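K.L.:
Chains as they are written, first to last, in the numbering used here: chain A, 1 to 111; chain B, 1001 to 1114.
Hints are computed from structural coordinates only; laboratory data are not their basis.
Only a predicted model underlies this, so the values are computations on that prediction, with no experimental measurement involved.
Just so it is clear, CB atoms sit at the ideal spot from N, CA and C, and this is done for glycine as well.
Among the hints, erroneous ones may be present.
[Stated by the list, open to error] In silico BS3-like pairs for lysine-lysine, Cα to Cα no more than 30 angstroms straight-line:
1. K98(A) to K1020(B)
2. K1(A) to K1041(B)
3. K1014(B) to K1(A)
4. K1014(B) to K42(A)
5. K42(A) to K1055(B)
6. K1055(B) to K1(A)
7. K1020(B) to K42(A)
8. K42(A) to K1041(B)
9. K98(A) to K1064(B)
10. K1066(B) to K1(A)
11. K1064(B) to K1(A)
12. K1055(B) to K98(A)
13. K1066(B) to K1014(B)
14. K1066(B) to K98(A)
15. K68(A) to K1055(B)
16. K1020(B) to K68(A)
[Stated by the list, open to error] Partner residues are not named here, just some residues of chain B that face chain A (Cβ under 10 angstroms, in silico):
17. V1004
18. Q1006
19. Y1036
20. Q1042
21. L1044
22. T1049
23. K1055
24. E1102
25. G1106
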Amino acid sequence: KQEVTQIPAALSVPEGENLVLNCSFTDSAIYNLQWFRQDPGKGLTSLLLIQSSQREQTSGRLNASLDKSSGRSTLYIAASQPGDSATYLCAVIGGNEKLTFGTGTRLTIIP
Amino acid sequence: GAVVSQHPSRVICKSGTSVKIECRSLDFQATTMFWYRQFPKQSLMLMATSNEGSKATYEQGVEKDKFLINHASLTLSTLTVTSAHPEDSSFYICSAGQGTREQYFGPGTRLTVT
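The task is simple: from the sequences and hints, build the whole structure.
P.N.:
Written out as structure tokens, the structure reads:
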């Protein structure tokens, strides 16, 4: 059974700093990995999707990497802003086409 | 990206009543739709997978007679919480896929059972 873990569970950083969120998964047989953000009481916003054959994806200040063999992904956020404050979730899709979500990292950017 | 809507966004119902939540893919045909629930400060848990025209596949521990799922068309799936109880209060989120293994999520429905 696939298990996805995110570390840390919560993170607070001053505005302007760069930061890294971590995601690990136990079964490396995945099709893709996706990073989402979720604002309190809201649905999910897809940030980046990395296919299993890719090693990274970039969108603006966000960069996600994938090391499938070691079961790890990171989400790098450059020049953090207060608007980046949210919960960040990573999720993987395996052969059964089901998304398995991580435990989430609650990020707070301090103005 | 693809757009998925949910209705209602919030619903309050009395214990013992049934509530229906709709999930629609607005600009694409969804071969598969997924239903998740999320408790406060927890991650999403998959409840069931539904394919158009066939019965839903429920995850272990999810009561299929309590959470009725209908996927009548390629753009609409419904989740009916029957005989709701306060412990069913949760945030319910649907997603839709086209078989490309990318899912598009709806905005969620907050259910409160009093």
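K.L.:
Mind checking the CB of Y1036(B) against every CB in chain A and telling me if the closest is under 10 angstroms?
P.N.:
Holds: closest Cβ of chain A sits about 8 angstroms from Y1036(B), inside 10 angstroms.
K.L.:
Does K1055(B) sit within 30 angstroms of K42(A), going by the straight-line distance between their CA atoms?
P.N.:
Holds: K42(A) and K1055(B) sit about 29 angstroms apart, inside 30 angstroms.
K.L.:
Against the 30 angstroms threshold, does the CA-CA distance of K1066(B) and K98(A) hold or violate the hint?
P.N.:
22 angstroms, holds
K.L.:
Would the stated hint for G1106(B) survive a check requiring a Cβ distance to chain A of less than 10 angstroms?
P.N.:
Interface hint status for G1106(B): holds (6 angstroms vs cutoff 10 angstroms).
K.L.:
Identify whether the interface hint at Q1042(B) stands, where standing means a beta carbon of chain A within less than 10 angstroms of its own.
P.N.:
8 angstroms, holds
K.L.:
Is K1066(B) close enough to K1014(B), meaning Cα to Cα at most 30 angstroms?
P.N.:
16 angstroms, holds
K.L.:
Does the closest beta carbon of chain A sit nearer than 10 angstroms to the beta carbon of E1102(B)?
P.N.:
Result: holds, 6 angstroms to nearest chain A Cβ.
K.L.:
Holds or violated: are the alpha carbons of K1(A) and K1041(B) at most 30 angstroms from each other?
P.N.:
Distance ~23 angstroms between K1(A) and K1041(B) Cα, so the pair holds.
K.L.:
Measure nothing beyond the straight line between the CA atoms of K1020(B) and K68(A); if it is 30 angstroms or shorter, mark the hint as holding.
P.N.:
40 angstroms, violated
K.L.:
Does K1(A) lie within 30 angstroms of K1055(B) when you go C-alpha to C-alpha?
P.N.:
Cα-Cα ~24 angstroms, so holds.
K.L.:
Measure nothing beyond the straight line between the CA atoms of K98(A) and K1020(B); if it is 30 angstroms or shorter, mark the hint as holding.
P.N.:
24 angstroms, holds
K.L.:
Would the hint on K1055(B) stand, with a C-beta cut-off of 10 angstroms toward chain A?
P.N.:
With Cβ-Cβ at 17 angstroms, over 10 angstroms, it is violated.
Violation of the numbered hints given earlier is confined to hints 3, 15, 16, 23; the remaining hints are satisfied by the structure.
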